[in-house]
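2 protein chains.
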Amino acid sequence: MDTTVSTQLIEARAGRITPEMEAVARDENRPPEFVRDEIARGHAVIPMNPAHANCRAVVVGSSYKTKVNANIGRSPVRSCNDEEVAKVAVALDAGADFLMDLSVGEDLGDVRRAILDACPVPVGTVPIYEALSRVGGDSKALTEDLLLDVIRDQAEQGVDFMTLHAGLKREHVALAIKRLMGICSRGGAILAEWMETFERENPLLTRWDEIMEICRKHDVTVSLGDGLRPGCLADASDDAQFAELDTLGELVTRCREAGVQVMVEGPGHVPFDQIQMNMERQQELCDKAPFYVLGPVVTDIAPGYDHITSAIGATSAAYHGASLLCYVTPAEHLCLPTSDDVRQGLVAYRIAAHAADVAKGLPGARDHDDAMAKARINFDWQEQFKLALDGDTARGRYEGSRSTEEGDPDHCTMCGREFCAVRTTRRLAGMS
Amino acid sequence: MDTTVSTQLIEARAGRITPEMEAVARDENRPPEFVRDEIARGHAVIPMNPAHANCRAVVVGSSYKTKVNANIGRSPVRSCNDEEVAKVAVALDAGADFLMDLSVGEDLGDVRRAILDACPVPVGTVPIYEALSRVGGDSKALTEDLLLDVIRDQAEQGVDFMTLHAGLKREHVALAIKRLMGICSRGGAILAEWMETFERENPLLTRWDEIMEICRKHDVTVSLGDGLRPGCLADASDDAQFAELDTLGELVTRCREAGVQVMVEGPGHVPFDQIQMNMERQQELCDKAPFYVLGPVVTDIAPGYDHITSAIGATSAAYHGASLLCYVTPAEHLCLPTSDDVRQGLVAYRIAAHAADVAKGLPGARDHDDAMAKARINFDWQEQFKLALDGDTARGRYEGSRSTEEGDPDHCTMCGREFCAVRTTRRLAGMS
Numbered sequence: 004m005d006t007t008v009s010t011q012l013i014e015a016r017a018g019r020i021t022p023e024m025e026a027v028a029r030d031e032n033r034p035p036e037f038v039r040d041e042i043a044r045g046h047a048v049i050p051m052n053p054a055h056a057n058c059r060a061v062v063v064g065s066s067y068k069t070k071v072n073a074n075i076g077r078s079p080v081r082s083c084n085d086e087e088v089a090k091v092a093v094a095l096d097a098g099a100d101f102l103m104d105l106s107v108g109e110d111l112g113d114v115r116r117a118i119l120d121a122c123p124v125p126v127g128t129v130p131i132y133e134a135l136s137r138v139g140g141d142s143k144a145l146t147e148d149l150l151l152d153v154i155r156d157q158a159e160q161g162v163d164f165m166t167l168h169a170g171l172k173r174e175h176v177a178l179a180i181k182r183l184m185g186i187c188s189r190g191g192a193i194l195a196e197w198m199e200t201f202e203r204e205n206p207l208l209t210r211w212d213e214i215m216e217i218c219r220k221h222d223v224t225v226s227l228g229d230g231l232r233p234g235c236l237a238d239a240s241d242d243a244q245f246a247e248l249d250t251l252g253e254l255v256t257r258c259r260e261a262g263v264q265v266m267v268e269g270p271g272h273v274p275f276d277q278i279q280m281n282m283e284r285q286q287e288l289c290d291k292a293p294f295y296v297l298g299p300v301v302t303d304i305a306p307g308y309d310h311i312t313s314a315i316g317a318t319s320a321a322y323h324g325a326s327l328l329c330y331v332t333p334a335e336h337l338c339l340p341t342s343d344d345v346r347q348g349l350v351a352y353r354i355a356a357h358a359a360d361v362a363k364g365l366p367g368a369r370d371h372d373d374a375m376a377k378a379r380i381n382f383d384w385q386e387q388f389k390l391a392l393d394g395d396t397a398r399g400r401y402e403g404s405r406s407t408e409e410g411d412p413d414h415c416t417m418c419g420r421e422f423c424a425v426r427t428t429r430r431l432a433g434m435s
Numbered sequence: 004m005d006t007t008v009s010t011q012l013i014e015a016r017a018g019r020i021t022p023e024m025e026a027v028a029r030d031e032n033r034p035p036e037f038v039r040d041e042i043a044r045g046h047a048v049i050p051m052n053p054a055h056a057n058c059r060a061v062v063v064g065s066s067y068k069t070k071v072n073a074n075i076g077r078s079p080v081r082s083c084n085d086e087e088v089a090k091v092a093v094a095l096d097a098g099a100d101f102l103m104d105l106s107v108g109e110d111l112g113d114v115r116r117a118i119l120d121a122c123p124v125p126v127g128t129v130p131i132y133e134a135l136s137r138v139g140g141d142s143k144a145l146t147e148d149l150l151l152d153v154i155r156d157q158a159e160q161g162v163d164f165m166t167l168h169a170g171l172k173r174e175h176v177a178l179a180i181k182r183l184m185g186i187c188s189r190g191g192a193i194l195a196e197w198m199e200t201f202e203r204e205n206p207l208l209t210r211w212d213e214i215m216e217i218c219r220k221h222d223v224t225v226s227l228g229d230g231l232r233p234g235c236l237a238d239a240s241d242d243a244q245f246a247e248l249d250t251l252g253e254l255v256t257r258c259r260e261a262g263v264q265v266m267v268e269g270p271g272h273v274p275f276d277q278i279q280m281n282m283e284r285q286q287e288l289c290d291k292a293p294f295y296v297l298g299p300v301v302t303d304i305a306p307g308y309d310h311i312t313s314a315i316g317a318t319s320a321a322y323h324g325a326s327l328l329c330y331v332t333p334a335e336h337l338c339l340p341t342s343d344d345v346r347q348g349l350v351a352y353r354i355a356a357h358a359a360d361v362a363k364g365l366p367g368a369r370d371h372d373d374a375m376a377k378a379r380i381n382f383d384w385q386e387q388f389k390l391a392l393d394g395d396t397a398r399g400r401y402e403g404s405r406s407t408e409e410g411d412p413d414h415c416t417m418c419g420r421e422f423c424a425v426r427t428t429r430r431l432a433g434m435s
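So the protein sequences, as listed, match chains A and B.
The opening residue of the first sequence carries number 4 in this note's numbering; numbering runs sequentially from there.
The opening residue of the second sequence carries number 4 in this note's numbering; numbering runs sequentially from there.
A portion of the hints provided could be inaccurate.
You can't tell identical chains apart in this list, so a pair holds if it fits in one copy or across any two.
List time: in silico EDC-like cross-link candidates among lysine to aspartate or glutamate, alpha-carbon distance up to 20 Å [what the hints assert, rightly or not]:
#: 1; residue 1: Lys377; residue 2: Asp241
#: 2; residue 1: Lys172; residue 2: Asp148
#: 3; residue 1: Lys181; residue 2: Asp373
#: 4; residue 1: Lys363; residue 2: Asp241
#: 5; residue 1: Lys363; residue 2: Asp276
#: 6; residue 1: Lys143; residue 2: Glu421
#: 7; residue 1: Lys172; residue 2: Glu213
#: 8; residue 1: Lys143; residue 2: Asp411
No lab work stands behind these hints, which were simulated from the structure alone.
Given the sequences, and given the hints that come with them, work out the whole structure.
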């Protein structure tokens, strides 16, 4: 594949199976031709900029294992580059399939360079953050040309996918500001203020054709941002959200016409009963472009536990069609996540992704669960810790609860020997 | 109400609204007559033994707020009475609506007395645990008479509801032992072994009419145990589980005929896609008796995080009809829960219960979420901590992340001032 003039989408449409398609077909246990066909239709994407050295190919689409993205990135008031690079290692160790660098502040090229170098999985960004950072946080100083420059610089540097809030039109702003929580997307809020200040249309939309050229040249996958995602349950599934979704559907078509891979971002905060409808509506309006959702959080009342409130929503979202889950950490709504938050968020989201894969009946998905059940009925604790999503934590709880004299592994401190149902079952089944 | 000869069910059928029905009608914002009618039909229960002094009335049914039960209780190899009584305080503080004392070992009457005295919410037990404890853990020494004695003693002491695994017939055992995880219910395993040893039917079933007499006399609500609940995803929704459920449906009818309040217990470990079907099947077979579910866990691969794997399932279960959720703690599958596990489990389950109540459209359920959203858009951090399920944890994260010099509350360390979407929204909406 000529990396400067083609994309996975263009190659797939031309009937060519790229090495990346072959690699993901192996990982996902699917025929390469099946993958090629789905990429060609736009039902799956492989976000991978050839300039991101040592990046591995990962496929996103509802026919494949549900993937998890971890957001990291320097805050304007907290953290430094080294801390964020350290979080990359934590996120990879905890099983992140994708990483987004959401850093804001000065010298963003340096932290992104360090993250790209440290990161063998696809890396995404939100270019409007760097654009605003380059003008010191003053949205009045932002220009269309600067935004294009940032997108071009990031594409050249090797960014694999970019969140572009191009679906947020000026006419949508009035719908959004009358909501209970208004606009909770950072990118959406910046663009809305810019549009109102200059009385002009969204610069991402007016310069869309040029953006397409850059993305096609570097095979940057567009992740159409939902600048009007609801910031609380009360705002879910409202006119603002769905007006933007209509535009996102149009932009999916324009991306595909330009040969650019595209996925679509979704909410946010959604009551549990509205998740299925949201997924189906996106799949229909966006012609099955992969759906990349943030949570959704299913209740607003539990700050400090939003990895849980959102893992509930994420499981349902993935079951009903979302293919990439952006994690939410326990720090959400409170502060910048620590390394431990990154780990907690990833564990919760790998649970959600896997639970959805089992529920969807993905071939082989339940094998891992069955192996755990077998280890349990056999009292094979070491195997249980090996199979566990976070084996160190599981081992710590089990071993920490037992006194050093207890040699017998055939029970735990929950039930003891006499009340252990597994011991009884083994006797009944003639296993011991 | 004559507390020695009637039950809430008998009173309701006679057209009488008891003080307990009036109390729950107030708590749930429903007309007392609506509550009476639902109790009379058996679609709701108020588990409350008149001998449990200072117990408050709590209603269980799918028309009301979803309730959460916390299991506590001494393990045969860990913990002492004082520790378990301390956990009662933790559980109540964290919002438990019901408590089950699952203690096993010696002198169970003492720990139960202490728990009943400390506990203003309904308390449940599993009498087979005490029966087996009284014979030193040797199921061969268990007799039908002893089991009846224990049920009578506990009813007289003031236990509000009892798990009775009477639906597990001898003919079901063969179905269960060929499963991957066999029988994971402690009570189910004990009874199965007893039936196989003595080649006799389940003593709870053969002595059912006598049990009904005791329960009616003390208005003990029967919680029909699912001794064959699946212990892993592979065993979910299988012949063993559903054979027992058929018998549970028959026992619901017998309870109602005897004037005894009844609810039904459910799984366990269930893939996310099978939860709705499980809830609907129970509602149909058990004629809308309140469904009391344990989780369900939606994946087996995350020991140490089963409060999360099961809060996902519990949200879906409650949305699809379950009305009482038995919490699962992070200690599940590993060891006896600590006080911190009790708290973590309750937070996760109050999230699940509330998210389901919002999704079901229970009147006023979302008010709490909307108040939080309002506090967020107004940067009213103190109000956010007041409204949070666990305000201390939320406050700790927020304050701990800020340096002491930062006086300005109009942002957090996630986005800082310039990138804060809430600040931008407030400017756009003319709020600041």
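Against the structure, the hints:
no., hint, in the structure
1, Lys377 to Asp241, "between (47 Å within a copy, 17 Å between copies)"
2, Lys172 to Asp148, "within (19 Å within a copy, 76 Å between copies)"
3, Lys181 to Asp373, "between (50 Å within a copy, 14 Å between copies)"
4, Lys363 to Asp241, "between (28 Å within a copy, 18 Å between copies)"
5, Lys363 to Asp276, "both (18 Å within a copy, 7 Å between copies)"
6, Lys143 to Glu421, "between (72 Å within a copy, 12 Å between copies)"
7, Lys172 to Glu213, "within (18 Å within a copy, 72 Å between copies)"
8, Lys143 to Asp411, "neither (70 Å within a copy, 23 Å between copies)"
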